[in-house]
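J.: Read off the chains here:
Number of protein chains: 4
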Amino acid sequence: MNVTVWNEYRHEKTKPLAKNIYPEGIHQVIARFLKKDRVSVKTATLDEIEHGLTEDVLDSTDVLIWWGHVAHEEVSDEIVGKVQQRVLEGMGLIVLHSGHFSKIFKSLMGTTCDLKWREAGEKERIWVIDPAHPIAAGIGEYFELEQEEMYGEHFDIPAPDELVFMSWFEGGEVFRSGMTYKRGNGKIFYFRPGHETYPTYYNENVQTIIKNAVKWAAPVKRKRPVYGNAKPIEMLKGD
Amino acid sequence: MNVTVWNEYRHEKTKPLAKNIYPEGIHQVIARFLKKDRVSVKTATLDEIEHGLTEDVLDSTDVLIWWGHVAHEEVSDEIVGKVQQRVLEGMGLIVLHSGHFSKIFKSLMGTTCDLKWREAGEKERIWVIDPAHPIAAGIGEYFELEQEEMYGEHFDIPAPDELVFMSWFEGGEVFRSGMTYKRGNGKIFYFRPGHETYPTYYNENVQTIIKNAVKWAAPVKRKRPVYGNAKPIEMLKGD
Amino acid sequence: MNVTVWNEYRHEKTKPLAKNIYPEGIHQVIARFLKKDRVSVKTATLDEIEHGLTEDVLDSTDVLIWWGHVAHEEVSDEIVGKVQQRVLEGMGLIVLHSGHFSKIFKSLMGTTCDLKWREAGEKERIWVIDPAHPIAAGIGEYFELEQEEMYGEHFDIPAPDELVFMSWFEGGEVFRSGMTYKRGNGKIFYFRPGHETYPTYYNENVQTIIKNAVKWAAPVKRKRPVYGNAKPIEMLKGD
Amino acid sequence: MNVTVWNEYRHEKTKPLAKNIYPEGIHQVIARFLKKDRVSVKTATLDEIEHGLTEDVLDSTDVLIWWGHVAHEEVSDEIVGKVQQRVLEGMGLIVLHSGHFSKIFKSLMGTTCDLKWREAGEKERIWVIDPAHPIAAGIGEYFELEQEEMYGEHFDIPAPDELVFMSWFEGGEVFRSGMTYKRGNGKIFYFRPGHETYPTYYNENVQTIIKNAVKWAAPVKRKRPVYGNAKPIEMLKGD
Chain C
6 MNVTVWNEYR
16 HEKTKPLAKN
26 IYPEGIHQVI
36 ARFLKKDRVS
46 VKTATLDEIE
56 HGLTEDVLDS
66 TDVLIWWGHV
76 AHEEVSDEIV
86 GKVQQRVLEG
96 MGLIVLHSGH
106 FSKIFKSLMG
116 TTCDLKWREA
126 GEKERIWVID
136 PAHPIAAGIG
146 EYFELEQEEM
156 YGEHFDIPAP
166 DELVFMSWFE
176 GGEVFRSGMT
186 YKRGNGKIFY
196 FRPGHETYPT
206 YYNENVQTII
216 KNAVKWAAPV
226 KRKRPVYGNA
236 KPIEMLKGD
Chain S
6 MNVTVWNEYR
16 HEKTKPLAKN
26 IYPEGIHQVI
36 ARFLKKDRVS
46 VKTATLDEIE
56 HGLTEDVLDS
66 TDVLIWWGHV
76 AHEEVSDEIV
86 GKVQQRVLEG
96 MGLIVLHSGH
106 FSKIFKSLMG
116 TTCDLKWREA
126 GEKERIWVID
136 PAHPIAAGIG
146 EYFELEQEEM
156 YGEHFDIPAP
166 DELVFMSWFE
176 GGEVFRSGMT
186 YKRGNGKIFY
196 FRPGHETYPT
206 YYNENVQTII
216 KNAVKWAAPV
226 KRKRPVYGNA
236 KPIEMLKGD
Chain W
6 MNVTVWNEYR
16 HEKTKPLAKN
26 IYPEGIHQVI
36 ARFLKKDRVS
46 VKTATLDEIE
56 HGLTEDVLDS
66 TDVLIWWGHV
76 AHEEVSDEIV
86 GKVQQRVLEG
96 MGLIVLHSGH
106 FSKIFKSLMG
116 TTCDLKWREA
126 GEKERIWVID
136 PAHPIAAGIG
146 EYFELEQEEM
156 YGEHFDIPAP
166 DELVFMSWFE
176 GGEVFRSGMT
186 YKRGNGKIFY
196 FRPGHETYPT
206 YYNENVQTII
216 KNAVKWAAPV
226 KRKRPVYGNA
236 KPIEMLKGD
Chain Z
6 MNVTVWNEYR
16 HEKTKPLAKN
26 IYPEGIHQVI
36 ARFLKKDRVS
46 VKTATLDEIE
56 HGLTEDVLDS
66 TDVLIWWGHV
76 AHEEVSDEIV
86 GKVQQRVLEG
96 MGLIVLHSGH
106 FSKIFKSLMG
116 TTCDLKWREA
126 GEKERIWVID
136 PAHPIAAGIG
146 EYFELEQEEM
156 YGEHFDIPAP
166 DELVFMSWFE
176 GGEVFRSGMT
186 YKRGNGKIFY
196 FRPGHETYPT
206 YYNENVQTII
216 KNAVKWAAPV
226 KRKRPVYGNA
236 KPIEMLKGD
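Those protein sequence lines, which keep their order, are chains C, S, W and Z. Residues are numbered in the numbering used here as their position in the first sequence, beginning at 1, plus a constant of 5. Residues are numbered in the numbering used here as their position in the second sequence, beginning at 1, plus a constant of 5. Residues are numbered in the numbering used here as their position in the third sequence, beginning at 1, plus a constant of 5. Residues are numbered in the numbering used here as their position in the fourth sequence, beginning at 1, plus a constant of 5.
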C-alpha cells in the first residue's frame, strides 16, 4: 500500500499559528501516523515541480490524501486532470477539510462544493451515523474537537454513496462531515475537520479515521472495464 | 412550466437516414409531443448564436432537454458553464442517448461517462426497476424498441440516486438506461434510447417517459441556500 | 387524493399537557391543515373497530399518515400486515415522530428503529440538506422549534434513499430528521418532530413539510409488476 | 474470521439432479472453497437441532451464508429472530439465490422479495456494474453461467446501497444479481445464481465473489451504539 500525502503547505510557512502547531507541515504529521500503520508513505507539496505529483508518483500511489486551502487556483489544470484520471482508474482519494474547494474535488463532484463556514474556535462533536462502516472502526458513538472551524449545511455536494459521520457545532449548525463516493474504479472519502490553526491531526480519533479510510480506499485488483465499439456476444437475429 | 429542447441538429441535415426520420430535427419531434402536455416549449440548436442558449433563454427555462452526438466539442465551454450553473441553481436537465458524452453531462457527473456501443439495429427491451417512481407512470413492466443502437455496461457514471430503467440487448449486454441525480438545486434524468437513425422519439413509451421526466425535473420553489461566512446562531461559550 | 390520518389518540385523552394542546387529538389538527390544501382527508384511531383501518378505508387511501407512541403493541398484527401490503402495492406512508417504533415502520425497515431520546423541552433546529427535494419546497435554510423532545443518533434505520432534513439539538445531538424510502410500489417519508406535549403540528413549516410529503408520496399510476413463473420472451437456444 | 454456511439441505437428499451435483450438500461445496481462503468454516442445516444455529454458533459467527428454497416455512420464527438480531449487532449475512424468499431476508428487507423465475437451463451473463467494489475483485467485465434458473425484474427489494452485478438472461430478462445493504451494525450481500440443479457453486467466478463477499461482510470492531434515554451533553438553557 503506497500513500501520498499532498499538502498545499503555505499556511505552515507563513501563518504563525499554523507554523506553531505544524512546524513541518500538516503532511508530515499525517505521514508520521500513517507510517505507524505499516503503510509506505510519500509526501508532495504545491511548490515542488509538478506539485510533487509527477506521473511516476501518481502511477505508484494507491491512495492520495489532499489538503489545500488558499492556493487552490495555483494547482495546474493539467495536474488536476491527471489526478482525476488516476482516481477514475482506481487510485483512492481522501480529501480533507478545506480541500472541499479544491479543483480535484469539484471536478469529481460536478457541484460547487460550497458551504457555510466560521472561524470561531468553537466545539465540534462528530457522530457516527453508519456503525457498520469500516471507516468508523474503533470510533465511539461520537468524539469531540474542542476547537475547530465550523462548516455548516447546506454543503453543495452530490448525495453521498455512504454518509458515515455528521457534525454538531456549538454555534447551531450541522454538517455531513464524513462520506464516501465511488467514481469510476476509484473510491473517495471526504473528511471535514482539520483547520490549520487547530491541532486536529494530532487527535487520536481523527488519526484512526484517516487510517481506516486509507485501507477502505485501496484500489480493487481487477482488469479495468473496456469501452467503445463492441461486437455482439450473442448472435443477432438479423445476421 | 417552460421547457427548452436543445439539439445538436447535424445528423438530420446531413445523414439521409436521420433526415428521413426526423426531417425537421429530433428537437421538433420532442417539442411537438411535449406541447400536447400543456407545456410551453422552445427549441435551441448548436448553430444558433450562443447555441440558442442565451442568458434570457436559460433564465426562463425550467427544464432543459439535451441531445448531442458528433459535435460535443463544438459546444462552447462558456455556455456549458452557464448551463451547469443553471442546473445547480435549480433548472431540470434531461440528457438523452448520446448526450452521455456531452460536456454538460460529463461536467455534472465528474466521470468519463464512457460505455460500450454498437450500431447493429438490434432489439432493446427496457425494464422498469423502480415501480414507485413517477417517471415510470403509465409504463408497463417493460417495453421494446425493435431497433436501437446498443449501449452496454460498464457505464462510467456515479451510482445513480435512483435507478428507474434497465435495458436488455439482443447482443448480450445490459445497461442502466434511465436514472436520476440531484446536483445542487437541480434534478437530472438520463435516458438511454434515441439513436438518430431509428424512430425512437415517435415511440409512445419513450414519449411518456420524457413527459414524466419533465414534470419530475421541475424546479422546487424555495430560496436557494446561502453560502460563505456565517455568524453563529447560538451563543458560543467563548463569547 | 385521499389521505387518512391515523392516530393512536391516547395521550390527548389522558395527559393534561397533550389534551391542552390537542384537545381533539393530533389527527384532527393534521386533518384540518391538509384539508386547506384541497385534499380529501379521513381520520382513524386505535380504539375504533379494526383501528379504523378497514379494508375499505385502506383500499381508498392514497397516503396514510401515522402517529403512535405508548400503544404500539396494541396495534393488531393483522392490521399491520394489511397496511404493509397496501404500502407495497403503492399507498404512500408518512410516519411521524414516535411512530419510528411502530410495528408498521419497523416491519418496513427491517431494523430496530431505535434511537436516543430526551424530554427536556430543548430547542431543535431543522436544516434542509437536499434543496432540490419537493418535500423541502417553501422551507428556508432551516427552521426552529423552540421546544421539542430530542431524538439523537445513532438512529437504527436503513440508509435512506434520500436525506432531506437534519436536526441540531441544544443538548449536543444530531439526527436525520426527514428522509424518504421506496418500498415496493409505495413511498415512505419519516419526519421526526411532533411530541404530544408541544404545539409542533401548529408550526407552519411543519405543516408545509407534511403537505409536501403527501403530494410526494401519492401513488404512481401504472400496472403493478407481475411475479412468479414467466415464459421466455426470446426463443431459447435449447428450444 | 468465522463463517457458518447454512443450508436447507433437502433437494440434495431427494432430488437426483441436485444429489448428483452436490452429493454432500451445497453447504459442503461452499465450505470447502472458503477453507482454502484461510477462513474458519462451520456448516449448519435445517434438520439439526435449532437448525444448527444455536446461540453459541451464532455468537461465534462473523459471517453467515444462507441457502434455502422449499422449506423456508420450516425455519422457526424464533431462530429467524435471533439471526436478525445478530445481523443488526454486526454479523455479516450472505443470502444466496432462492434465499431471496427466506424469512430472514424478507424480515431484513421489509418487502415481498418477489421476482419472476423460470427453470429452463438458459444462459446467464453476469456483468460488473461497480468496478470499484471489493466484491468484484478478480472478476472480468462479465462472466457466463451456461445454464441457470432465470430470475427477472421486477425484484421487489429496497433500492440497494450498492449495485455490484447485473444479469442478462437468454430469455429476455435482466436482474439486479449482486447487491449490498447495511442494516444496523451488519452488512448483507445478496447474490443471485446458485440453483440446485446446476454446478454453479463449482464456478470459479462464483467462488471468488463469495470469498470476496465474506471479507467485505466481516463485522467492524467498535462498541455498538447506545439507545434510549440520554442526558444532555451540553448544558440546556432552561437549566
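Mixed in with the good hints there might be a few duds.
Where chains are identical, the list cannot tell them apart; a pair therefore holds if satisfied intra-copy or between any two copies.
[Said to hold, decoys possible] Calculated pairs, BS3-like style, for lysine-lysine (alpha carbon to alpha carbon, straight line, at most 25 Å):
| no. | residue 1 | residue 2 |
| --- | --- | --- |
| 1 | 216 | 108 |
| 2 | 40 | 128 |
| 3 | 87 | 108 |
| 4 | 24 | 228 |
| 5 | 108 | 242 |
| 6 | 226 | 20 |
| 7 | 226 | 242 |
| 8 | 187 | 216 |
| 9 | 187 | 242 |
| 10 | 187 | 111 |
| 11 | 220 | 242 |
| 12 | 40 | 236 |
| 13 | 128 | 187 |
| 14 | 41 | 220 |
| 15 | 128 | 242 |
| 16 | 108 | 40 |
| 17 | 226 | 24 |
| 18 | 228 | 111 |
| 19 | 87 | 24 |
| 20 | 20 | 236 |
| 21 | 236 | 216 |
| 22 | 87 | 128 |
| 23 | 41 | 228 |
| 24 | 87 | 20 |
| 25 | 228 | 128 |
| 26 | 220 | 87 |
Calculated directly from the structure, the hints in this document are not laboratory data.
J.: Taking the earlier hints as the rules, which of them does this structure contradict?
T.: Hints 2, 4, 5, 6, 7, 9, 11, 12, 13, 16, 17, 19, 21, 22 and 24 not satisfied by this model.
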